[in-house]
Each structure stands twice: as C-alpha cells, then as structure tokens.
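A.B. asks: Chains as they are written, first to last, in this note's numbering: chain G, 1 to 211; chain D, 1 to 246.
Derived from the structure by calculation, the hints contain no laboratory data.
Predicted model, so just to flag it, every value in this text is computed and none were measured.
Don't be surprised by glycine CBs; every beta carbon is placed ideally from N, CA and C.
Treat the hints loosely; a few may be bogus.
[Claimed, not checked] From the derived model, a few chain G residues whose C-beta atoms are all more than 12 Å from chain D:
(1) Cys-33
(2) Leu-48
(3) Ser-53
(4) Glu-91
(5) Met-194
[Unchecked claim] What follows is a set of in silico ranges between Cβ atoms, one per label pair, in the way DEER data are often shown:
(6) Lys-19/D / His-30/G: 36 to 42 Å
(7) Thr-109/G / Ala-73/D: 48 to 54 Å
(8) Ser-67/G / Thr-35/D: 32 to 38 Å
(9) Lys-183/D / Lys-65/G: 17 to 23 Å
(10) Thr-36/D / Ser-124/G: 21 to 27 Å
Chain by chain, the residues:
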Amino acid sequence: MEEETHTDAKIRAENGTGSSPRGPGCSLRHFACEQNLLSRPDGSASFLQGDTSVLAGVYGPAEVKVSKEIFNKATLEVILRPKIGLPGVAEKSRERLIRNTCEAVVLGTLHPRTSITVVLQVVSDAGSLLACCLNAACMALVDAGVPMRALFCGVACALDSDGTLVLDPTSKQEKEARAVLTFALDSVERKLLMSSTKGLYSDTERRYSKS
Amino acid sequence: MAAGFKTVEPLEYYRRFLKENCRPDGRELGEFRTTTVNIGSISTADGSALVKLGNTTVICGVKAEFAAPSTDAPDKGYVVPNVDLPPLCSSRFRSGPPGEEAQVASQFIADVIENSQIIQKEDLCISPGKLVWVLYCDLICLDYDGNILDACTFALLAALKNVQLPEVTINEETALAEVNLKKKSYLNIRTHPVATSFAVFDDTLLIVDPTGEEEHLATGTLTIVMDEEGKLCCLHKPGMFPPLQS
Chain G
1 MEEETHTDAK
11 IRAENGTGSS
21 PRGPGCSLRH
31 FACEQNLLSR
41 PDGSASFLQG
51 DTSVLAGVYG
61 PAEVKVSKEI
71 FNKATLEVIL
81 RPKIGLPGVA
91 EKSRERLIRN
101 TCEAVVLGTL
111 HPRTSITVVL
121 QVVSDAGSLL
131 ACCLNAACMA
141 LVDAGVPMRA
151 LFCGVACALD
161 SDGTLVLDPT
171 SKQEKEARAV
181 LTFALDSVER
191 KLLMSSTKGL
201 YSDTERRYSK
211 S
Chain D
1 MAAGFKTVEP
11 LEYYRRFLKE
21 NCRPDGRELG
31 EFRTTTVNIG
41 SISTADGSAL
51 VKLGNTTVIC
61 GVKAEFAAPS
71 TDAPDKGYVV
81 PNVDLPPLCS
91 SRFRSGPPGE
101 EAQVASQFIA
111 DVIENSQIIQ
121 KEDLCISPGK
131 LVWVLYCDLI
141 CLDYDGNILD
151 ACTFALLAAL
161 KNVQLPEVTI
171 NEETALAEVN
181 LKKKSYLNIR
191 THPVATSFAV
201 FDDTLLIVDP
211 TGEEEHLATG
221 TLTIVMDEEG
231 KLCCLHKPGM
241 FPPLQS
C-alpha cells in the first residue's frame with residue numbers, strides 16, 4: 001500500500017490504427033450511438049466505439065414465464081450473441097456481468113412479475129467489446145423507456161508491460177497488453193457497478209485505473 | 001422462536017447478528033470456515049484433490065491426454081477446465097445442460113488459469129507441431145454451501161500440484177509416441193493463485209467466505225484472486241450495488 005507513489009502510470013496519447021489519431025488526454029476512440037433503429041423491440045440502440053459495434057434490443061416490461069417470475073420485481077434477462085458461431089461459456093459469463101449491472105440500475109420493483117429482456121448482437125469486434133455491450137444495453141434501456149435510477153457506462157482500459165494505461169484499447173492493444181480491465185460506472189454517484197479483469201496487475205495499478 | 005423470525009424476516013435476522021459483528025454460525029466477519037484438503041483420492045485420475053470449505057465440497061480430477069496442437073501455437077498444450085454443479089449439491093440445480101452458474105464458474109476458472117499463468121502451456125509440449133498434452137480438469141461440486149469459486153480455485157490448484165505426467169518419447173522410426181509409465185514427473189506450477197470471495201451487505205459491510213444463505217441475502221458478491229507476489233489475477237465483481245471504495 002505504501003508503493004502507491006512508486007508506480008508512475010501515465011495515460012499515453014495513442015495514435016489510432018485506421019481511425020483518426022487520438023489527442024493527448026482524451027484517449028477514447030470516436031464513439032457514436034443511434035437509437036430506435038429496429039421496429040419490433042420496445043427499444044433499440046446501436047453503439048459504436050471506433051470499429052467495435054454492438055446492436056442492442058430491449059423487450060419489456062413483458063409477460064414472464066411462471067417459472068422465472070419474481071413476485072416483487074421484474075426479471076431481467078440478457079442474451080449476448082457473438083458475431084460468429086454459437087454462444088458459448090464466455091458469452092454466458094458476460095451475460096451475467098451485464099445482467100447484474102442492469103439489475104443494479106433498473107427499477108424492477110415498479111414492474112413486478114414482468115420480464116425485461118436485453119438482446120445484444122455483436123456486429124464487429126475491434127477491442128473493448130464488453131464496454132461497448134454495456135453502453136449499448138444502457139442506451140437501449142433508455143430508448144425502451146424502462147425506469148432506471150441512473151445511467152451506466154462501460155469503459156475498458158489496458159495496462160501494458162511498462163505500466164502505461166491506455167483507455168478504450170483496440171484489439172491489437174488488448175492482445176499486447178499485460179492486463180485489460182473493464183469497469184461499469186453509474187452516472188449519479190459515479191460509483192463502480194461492475195468490474196471484470198483479465199491478466200496480471202498489482203493493486204496500485206487497479207486503483208489508478210479506477211480513478 | 002428465533003427459527004420463526006428467521007423464516008419470516010431472514011434479512012432482519014441477519015442484520016441483528018451483523019450489528020454485533022458476528023454471524024449466525026459464530027464466525028467473525030473476517031473469518032474463514034475450516035478448510036480441509038485431501039489429495040490424490042481418485043486413483044484413476046492423473047491428479048485429484050477434494051476441498052471442503054465448511055460444508056462446501058468440491059472435488060477436482062485431472063486427466064491428461066494427447067492432442068495435436070493448433071497451427072498458430074504449435075508448442076502450446078491445453079488446459080480445459082469444466083465446473084459441474086449437479087442436482088446432488090443443491091436443490092436449486094436441475095439435471096440437464098449446464099446452467100448459468102456452472103458456465104460462469106467454468107469461465108472464471110478458465111480466466112484464472114489463463115491470467116495467473118499457473119502452468120506455462122509450453123511445458124505441456126511433447127513434440128512441437130505434432131503432439132502436446134491436454135489436461136482436462138473436471139471440478140464437481142458435491143455440496144453447495146456458498147463460496148463455490150474459492151473452493152474450485154483451491155481444488156484446481158491442489159489437483160494440478162498432484163498431477164504426475166509420464167515421460168513420452170517419439171520413436172523416430174515409427175513416428176509413434178512411447179509412454180513410459182514408470183517414469184513420472186510432477187508439473188511445474190509457477191504461481192499459486194488464491195481466491196477470496198466477499199459478500200457485500202447493505203453497501204457497507206464486507207463479509208469473507210459467505211455461506212449459501214449469506215450469498216442469497218447479500219446485495220452483491222466480489223471475488224479477488226491473488227498470487228504470491230500480491231498481483232491480482234482476477235477481480236470478479238458481477239454487479240449489484242456499488243461496493244465501498246477499497
């Protein structure tokens with residue numbers, strides 16, 4: 001804990017591969033969001049972060065199967081479909097993370113014995129996929145008009161071997177990084193809702209990346 | 001009378017204990033349950049371990065088989081974990097394809113193996129491009145009383161330390177592998193990752209090693225995996241309410 005001053009991690013200005021170069025300080029890729037593009041779901045959104053793109057659709061509050069109903073709040077379900085192949089165990093794990101994040105913000109008690117389903121389809125993956133999925137899910141929930149206590153956003157950062165932090169990494173940066181950390185933050189209290197990490201890193205680096 | 005109160009208002013019953021900084025089973029907030037490990041109990045497996053964390057029981061069996069390596073990593077073997085939560089361990093699991101909890105646990109163990117570099121995959125190579133070992137690690141929960149992730153990580157580590165692989169030589173003339181069962185060697189375990197799970201109550205209290213009931217009543221859970229050098233291999237915080245800043 002005393003070594004907090006020793007790690008001197010800097011946020012490095014990164015020249016984006018392909019897309020426009022990133023300026024110093026603000027090192028997120030160009031991001032965009034489009035809502036209400038699908039006609040059948042109650043709410044839909046498409047979130048783009050650089051070349052990573054995720055399409056989300058929300059159905060709800062809708063009828064729920066008796067086996068899944070919860071008497072005092074809404075049942076939230078998240079389905080994540082990868083770009084190619086059948087969904088596997090990794091998708092299930094990500095679905096659980098996204099579902100728990102949504103459950104923390106959605107006011108489920110206003111719609112007991114209903115189901116709210118969030119369906120996410122990966123359109124293209126060029127790094128920071130989980131963060132993009134979280135953002136798309138949030139935008140789609142807003143578009144569907146589901147009552148929420150706060151908005152949330154997902155952000156990914158990569159730690160490379162010399163301790164430099166890169167925000168919103170591309171897939172090349174993720175592969176070369178020593179650790180990739182993804183966080184979900186809420187908009188009202190700026191608190192941490194979810195964190196998922198991959199790779200080896202020390203506790204001080206984690207605290208720095210959270211700040 | 002206390003049993004009646006516990007059935008009607010389980011959360012309030014729990015809060016009364018937490019106010020006194022203890023838990024219904026008599027533990028402190030930062031105290032772990034008694035842990036027992038039994039190594040090498042499955043004779044048909046190449047390595048095995050049984051871990052009991054209080055009532056939670058997980059058994060891990062490791063079987064080693066031959067496989068052809070993939071073309072983009074010709075000198076790397078494979079470690080394939082699988083966590084099974086059968087109906088035997090708890091009434092909440094049904095028979096059939098693995099449920100969400102089992103899949104999430106399997107992915108968690110795969111992440112721990114990958115991130116902590118517990119085994120260098122190059123150590124599992126017999127002949128680059130032709131033959132490698134694949135270690136199938138099957139973790140089966142026999143009794144579910146909370147904190148399954150810690151128990152699984154521990155059982156996996158203990159079983160991998162117990163694995164003995166026979167010496168394999170490739171015969172140049174026949175190009176077949178010859179296994180020498182009499183000469184066995186242990187795996188080279190590089191790090192010892194240890195998982196610690198916490199349950200978060202009312203956004204203020206952190207309880208270590210939650211039981212099944214505590215997990216159910218908690219507002220959230222948090223699992224941290226660290227190795228001996230104090231590096232974090234995995235921070236699994238699957239949401240619910242924000243934790244306290246630590």
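A.B. asks: None of the hints should be skipped; say for each whether it holds.
C.D. replies: Each hint, compared with the structure:
Every CB of chain D lies more than 12 Å from the CB of Cys-33/G, the least distance being 22 Å, so the non-interface label holds. At the 12 Å boundary, the C-beta of Leu-48/G stays outside the reach of chain D, the nearest C-beta of that chain being 24 Å off. Every Cβ of chain D is farther than 12 Å from the Cβ of Ser-53/G; the closest lies at roughly 24 Å, confirming the non-interface assignment. The beta carbon of Glu-91/G is not kept farther than 12 Å from every beta carbon of chain D, the shortest such distance being approximately 9 Å.
Not every CB of chain D lies more than 12 Å from the CB of Met-194/G, the least distance being 4 Å, so the non-interface label is violated. For Lys-19/D paired with His-30/G, a C-beta distance near 51 Å fails the hint of 36 to 42 Å. A hinted range of 48 to 54 Å for the beta carbons of Thr-109/G and Ala-73/D is consistent with their spacing of about 49 Å. Between Ser-67/G and Thr-35/D the beta carbons are some 36 Å apart, a value that agrees with the proposed interval 32 to 38 Å.
Our hint of 17 to 23 Å for Lys-183/D and Lys-65/G is violated, since their Cβ atoms are close to 57 Å apart. Evaluation of the 21 to 27 Å hint for Thr-36/D and Ser-124/G yields a failure: the beta carbon distance comes to about 49 Å.
Going through the hint list in order, the structure does not satisfy hints 4, 5, 6, 9 and 10.
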